[in-house]
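S.K.: If you want the building blocks of each chain, they are given just below.
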Amino acid sequence: MENTTEVLESKFDTLFGLAKRSFEEIMLEVTGEAIQADGEFSIQPENRLSLSIIIGISGNTNGRILLNTSVDYGKNIAVAMNFGDPLENEEDLHVYLAEFANMFCGRAATHINNAFGKREIWISPPAIFSAKDLDIVTPNVSSMKAYYECSLGKFIVDMGFSENTYDEF
Amino acid sequence: MSKKVLVIDDSPFVFKAVSKALEGTDWEVAGHGLDGQLGIEKYIETRADVITLDVTMPVMDGLEAAKKLFEINPKVKIIMLSAMGDETLLNQARTIGIKHFLTKPFQPATLQAKLAEAFE
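Residue numbers (our numbering), protein chains in the order written: chain D, 1 to 169; chain B, 170 to 289.
Source of the hints: derived by calculation from the structure; they are not laboratory data.
Bear in mind that the values here come from a model prediction, so they are computed numbers and not experimental data.
Mixed in with the good hints there might be a few duds.
[As the list claims (entries may be wrong)] Covered stretches of chain D, as calculated for chain B (at least 3 residues, CB under 8 Å):
#1 11-22
#2 76-83
#3 95-101
All C-beta atoms in this analysis are idealised placements derived from N, C-alpha and C, irrespective of residue type, glycine included.
Construct the entire structure; sequences and hints are all you get.
M.R.: Shown next as structure tokens:
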């Protein structure tokens, strides 16, 4: 019998693979640019704000998807979502990015639920943080990261999971 | 005469995107409901020709709203416009009576084609 840890690691690998595929699909559909995860880098823009969007995952697997970028790169995504036109109002940026995260995580949930043949996960509304020197820490989850660099900027998809233990209660 | 579409979605972005996608067409956005309950009230007020309906919303989700919309008008035309589209969810939606589906993100031409399909 397989070690429980190995089973979970294999499951989390599958979930992460499907989440990466979802991000690549959504970027292609929104921006028209095909991207692939490559390398490793940090996003610490000088004189620019970091931007992180968090979406919670609940269901048989708990966790969160974190999309890290900068405000400037986020603006590029928002313009692409606005069919190439500049935003009428700068304050709309968070509205656009929240929906971008919702589309990405909704696609991930779709692929994951179809792969597992049941309602494996559900997603919660996004929360957006922008600040200088922003660090978001999520203890007690197994975290995996994918790094993307394209014409619109740099993006890090950080996905953390933990198996639901509600049946212990 | 313009045909009317009602957008029921908790994201203001979707309302903006649908409005922009339909500029210069014979479709007019008749209103925006930010949750299922408000969407039903907007439908009663506008009697839109087609509704775009999100699934995950506060107060009342899209599936519950669709059930009530079909009670109000069994012939109501609904396009489920959602970021989620797994088979379990689609089957639930089909059981309720929803026949048209569009996954976010969408391009203007795709939305226009889907509206035309639902309107027929």
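S.K.: Does each hint fit the structure? Answer for all of them.
M.R.: We went through each hint and held it up to the structure:
For a cut-off of 8 Å, the count of residues in the stretch 11-22 of chain D with a CB near a CB of chain B stands at 0, and the three-residue condition is violated. Remark: the stretch 76-83 of chain D is confirmed as covered by chain B, as 3 of its residues place a Cβ nearer than 8 Å to a Cβ of that chain, reaching the required three. Note: the stretch 95-101 of chain D has 4 residues with beta-carbon separation from chain B under 8 Å; the three-residue rule is met and the coverage holds.
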